[in-house]
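Following the hints, position chain B against chain A.
Sequence lines, in order, name chains A and B. Counted the way my numbering counts, the first sequence spans residues 1 to 393. Counted the way my numbering counts, the second sequence spans residues 1 to 393.
Calculated directly from the structure, the hints in this document are not laboratory data. Every residue, glycine too, gets a C-beta built ideally from N, C-alpha and C. Some clues are possibly wrong.
Negatives, chain B to chain A, calculated, CB over 12 Å [unchecked claim]:
| # | residue |
| --- | --- |
| 1 | Arg21 |
| 2 | Thr44 |
| 3 | Leu87 |
| 4 | Glu204 |
| 5 | Asp207 |
| 6 | Asp324 |
| 7 | Asp335 |
| 8 | Asp348 |
| 9 | Thr390 |
Computed list of lysine-lysine pairs in DSS-like fashion (alpha-carbon distance at most 27 Å, straight line) [stated by the list, open to error]:
| # | chain 1 | residue 1 | chain 2 | residue 2 |
| --- | --- | --- | --- | --- |
| 10 | A | Lys195 | A | Lys120 |
| 11 | B | Lys195 | B | Lys120 |
| 12 | B | Lys247 | A | Lys340 |
| 13 | A | Lys383 | B | Lys383 |
| 14 | B | Lys340 | A | Lys84 |
| 15 | A | Lys247 | A | Lys283 |
| 16 | B | Lys244 | B | Lys200 |
| 17 | A | Lys283 | B | Lys84 |
| 18 | B | Lys200 | B | Lys162 |
2 protein chains.
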Amino acid sequence: MMPFVQMPKGFLATGVNCGVRRYRPDIGIIKSETPCVAAGTFTTNTFKAAPVLYNMSLLPSDSVRALVVNSGHANAATGEQGLKDNLEFAQHTAETLGLRQSEILVASTGVVGERLPLQKLIPALPQAVRAFSDTINNFALAIMTTDLVPKFGSETFEIQGKTVTVAACAKGSGMIHPNMATMLGFVVSDALVSKDVLQKVLREVSDETFNMISVDGETSTNDMVLALSNGQSGVNVDSGDAYKLFKQAVLKVCRDLAISVARDGEGASKLITVIVEGSADLKLAREAARLITTSPLIKSAVHGEDPNWGRILVRLGQAGVPTDWFENIEIRLQDVTVFKDGSPQAFDRPAARQALQADHVTIRCTLGNGPHSATAWGCDLTKRYVEINTEYS
Amino acid sequence: MMPFVQMPKGFLATGVNCGVRRYRPDIGIIKSETPCVAAGTFTTNTFKAAPVLYNMSLLPSDSVRALVVNSGHANAATGEQGLKDNLEFAQHTAETLGLRQSEILVASTGVVGERLPLQKLIPALPQAVRAFSDTINNFALAIMTTDLVPKFGSETFEIQGKTVTVAACAKGSGMIHPNMATMLGFVVSDALVSKDVLQKVLREVSDETFNMISVDGETSTNDMVLALSNGQSGVNVDSGDAYKLFKQAVLKVCRDLAISVARDGEGASKLITVIVEGSADLKLAREAARLITTSPLIKSAVHGEDPNWGRILVRLGQAGVPTDWFENIEIRLQDVTVFKDGSPQAFDRPAARQALQADHVTIRCTLGNGPHSATAWGCDLTKRYVEINTEYS
Numbered sequence: 001m002m003p004f005v006q007m008p009k010g011f012l013a014t015g016v017n018c019g020v021r022r023y024r025p026d027i028g029i030i031k032s033e034t035p036c037v038a039a040g041t042f043t044t045n046t047f048k049a050a051p052v053l054y055n056m057s058l059l060p061s062d063s064v065r066a067l068v069v070n071s072g073h074a075n076a077a078t079g080e081q082g083l084k085d086n087l088e089f090a091q092h093t094a095e096t097l098g099l100r101q102s103e104i105l106v107a108s109t110g111v112v113g114e115r116l117p118l119q120k121l122i123p124a125l126p127q128a129v130r131a132f133s134d135t136i137n138n139f140a141l142a143i144m145t146t147d148l149v150p151k152f153g154s155e156t157f158e159i160q161g162k163t164v165t166v167a168a169c170a171k172g173s174g175m176i177h178p179n180m181a182t183m184l185g186f187v188v189s190d191a192l193v194s195k196d197v198l199q200k201v202l203r204e205v206s207d208e209t210f211n212m213i214s215v216d217g218e219t220s221t222n223d224m225v226l227a228l229s230n231g232q233s234g235v236n237v238d239s240g241d242a243y244k245l246f247k248q249a250v251l252k253v254c255r256d257l258a259i260s261v262a263r264d265g266e267g268a269s270k271l272i273t274v275i276v277e278g279s280a281d282l283k284l285a286r287e288a289a290r291l292i293t294t295s296p297l298i299k300s301a302v303h304g305e306d307p308n309w310g311r312i313l314v315r316l317g318q319a320g321v322p323t324d325w326f327e328n329i330e331i332r333l334q335d336v337t338v339f340k341d342g343s344p345q346a347f348d349r350p351a352a353r354q355a356l357q358a359d360h361v362t363i364r365c366t367l368g369n370g371p372h373s374a375t376a377w378g379c380d381l382t383k384r385y386v387e388i389n390t391e392y393s
Numbered sequence: 001m002m003p004f005v006q007m008p009k010g011f012l013a014t015g016v017n018c019g020v021r022r023y024r025p026d027i028g029i030i031k032s033e034t035p036c037v038a039a040g041t042f043t044t045n046t047f048k049a050a051p052v053l054y055n056m057s058l059l060p061s062d063s064v065r066a067l068v069v070n071s072g073h074a075n076a077a078t079g080e081q082g083l084k085d086n087l088e089f090a091q092h093t094a095e096t097l098g099l100r101q102s103e104i105l106v107a108s109t110g111v112v113g114e115r116l117p118l119q120k121l122i123p124a125l126p127q128a129v130r131a132f133s134d135t136i137n138n139f140a141l142a143i144m145t146t147d148l149v150p151k152f153g154s155e156t157f158e159i160q161g162k163t164v165t166v167a168a169c170a171k172g173s174g175m176i177h178p179n180m181a182t183m184l185g186f187v188v189s190d191a192l193v194s195k196d197v198l199q200k201v202l203r204e205v206s207d208e209t210f211n212m213i214s215v216d217g218e219t220s221t222n223d224m225v226l227a228l229s230n231g232q233s234g235v236n237v238d239s240g241d242a243y244k245l246f247k248q249a250v251l252k253v254c255r256d257l258a259i260s261v262a263r264d265g266e267g268a269s270k271l272i273t274v275i276v277e278g279s280a281d282l283k284l285a286r287e288a289a290r291l292i293t294t295s296p297l298i299k300s301a302v303h304g305e306d307p308n309w310g311r312i313l314v315r316l317g318q319a320g321v322p323t324d325w326f327e328n329i330e331i332r333l334q335d336v337t338v339f340k341d342g343s344p345q346a347f348d349r350p351a352a353r354q355a356l357q358a359d360h361v362t363i364r365c366t367l368g369n370g371p372h373s374a375t376a377w378g379c380d381l382t383k384r385y386v387e388i389n390t391e392y393s
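With the rest of the complex left out, here is chain A (with noise of 0.2 Å):
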């Protein structure tokens, strides 16, 4: 049984099917009872989905209600017709929950190219409303595209006598339906607080979890990542104490779901975490991180449990590490030592072979006494992964 995560107080969330996939919940909307601050970080792809340019023109901002999710159908490339198609289903989204448009955001999910399916869409709103609780975990289901499992967890905190709850949701990473357009992530919570303040931690913490994964290095035209907050809990989180709770609360559950996200990734079956520290430059860091993960020599390598550290080695140096940080490079795969002082180490391969049958492989490299460390997560590169992406369309 999926266990049950609790909306934030003044949520409600639901997932219905609307009959673009058989059975599972292929629609989904979270609302709150009072007006919400909210703020969004957006994919970098410059051939944005229409519901991404539409968000984008609402946030950040302290008067959002709801939002809107359908997965089956990602409504990118479909040009004028598609920011039509998106601005119909906001505004019977909003008439049905007895809303404005504007206080209605929108996310979409699927296939590239083809236009939303509004004659679907629209009848399921009635039932979607009839269908909400305050529990996450049928929206969870209804976003979900090629997704294996569902991903959403919540955390809380307490200051002042109060409580305050964070929840939030993702999905992505599977592409068995071609043209998927992948990451979405949802962040809910009662704090009280600043759209500006909920903008800035919302990006440092997606620089730091979902900007940190990778499953195979494209970025889709629909990724997006919203977080709404109602204030209800009572609890100011602009700064002090409560500010640093509130940012460690949604980083935390946004890096579990992000490493959901990077262990469900297409036809993987090993989560692999990097850690690049004792870097003089985070940028650098952040770099060599996501490259190591974004290697198809190291994901193949992985996959076959070979402690093959040339290949990270080389991936350092495409990253661009100074070549007199060489001397000072340490890499541990796991919890043995291959290379250090700039050297080759003489290691056990077979302890070190066997330590990476784990289903979760850490590689580690230190590339010096630097104060910055950056962490990314991804997965094996797997013969499913090619099985997955080769199918028809």
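This is chain B only, laid out in the frame that chain A set:
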């Protein structure tokens, strides 16, 4: 039988087995009777292998007499010892040829992190000298690692009643043996050319050829292309028509070799040519073409003979094609137009699928009516790629 390719006037080449491989040639030398102008382009990986650093310190030059190459060991990630080993290899090669060490260039390809096997290489030098001939063929075999076919060719042109020959040879793209450092290219000519012009031609040609291929997005520590020209044709190609003909000949041989490397990509069953044209920006056209060749989703779709244009559009957006160019975009798969004027086109899907059954697939993207175009080459992604790279080191 391999077609024989004649070396340019005054050049000899050789390739013999020194015992790193079981039987196949694994050490090769090209030498010129007279001093050569020499130029090089080198990997951007910051952890450059010892022979790369050595050649960079000598080039451009007008007094190079020979280059020696070994396959099986990359002499990368080998530190100070690697530089010493490389120098010793150059010194012994010079002595054997009766030359000075500073007249010798060196290239290595193979496993990262192991020392050069000088105890095998040095005793083989006299044998290599005895095997000098005026064809490039054995040299082309000696530089192979996991390449399935040797890659070499030549072009000649006539001007002022004289003949100029450009011969070239490359290896690359196999990585069955782990930690391989990949791409090497050698261009030799009897044109009379200044080192600055040779360097300029090599850089410009490399940008259009070797720098536009990708098998898996990995930038090796050992990549380099070297050009030697000894002037024995008596034709000065520094300017005018002779310059144009010379550059065209270098471009032709290098393009053919680059395409061979892409076609021989690990596990590949199809060559993919991507043409991005009508761009107002050359850099963007190149970036977009390369991003399409490196997309695991597009590579998988081509392997599955799936006319999946959405993945191509997503990649154009990831490359940063401006939003307002969207309505001019046209995408053709082989001869089938699948996207035009910013809209999906109705097309005959079975016919498109059939067209994609060819072993050479061309993807053509028109971005508008700008003056710039770029061509990139890659290969499909197959289960064999994963098999090759999960094998144990």
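Hint check:
no., hint, verdict
1, Arg21, "holds (19 Å)"
2, Thr44, "violated (8 Å)"
3, Leu87, "holds (18 Å)"
4, Glu204, "holds (23 Å)"
5, Asp207, "holds (18 Å)"
6, Asp324, "violated (10 Å)"
7, Asp335, "holds (19 Å)"
8, Asp348, "holds (15 Å)"
9, Thr390, "violated (3 Å)"
10, A/Lys195 with A/Lys120, "violated (34 Å)"
11, B/Lys195 with B/Lys120, "violated (34 Å)"
12, B/Lys247 with A/Lys340, "violated (46 Å)"
13, A/Lys383 with B/Lys383, "holds (5 Å)"
14, B/Lys340 with A/Lys84, "holds (20 Å)"
15, A/Lys247 with A/Lys283, "holds (21 Å)"
16, B/Lys244 with B/Lys200, "holds (13 Å)"
17, A/Lys283 with B/Lys84, "violated (34 Å)"
18, B/Lys200 with B/Lys162, "holds (23 Å)"
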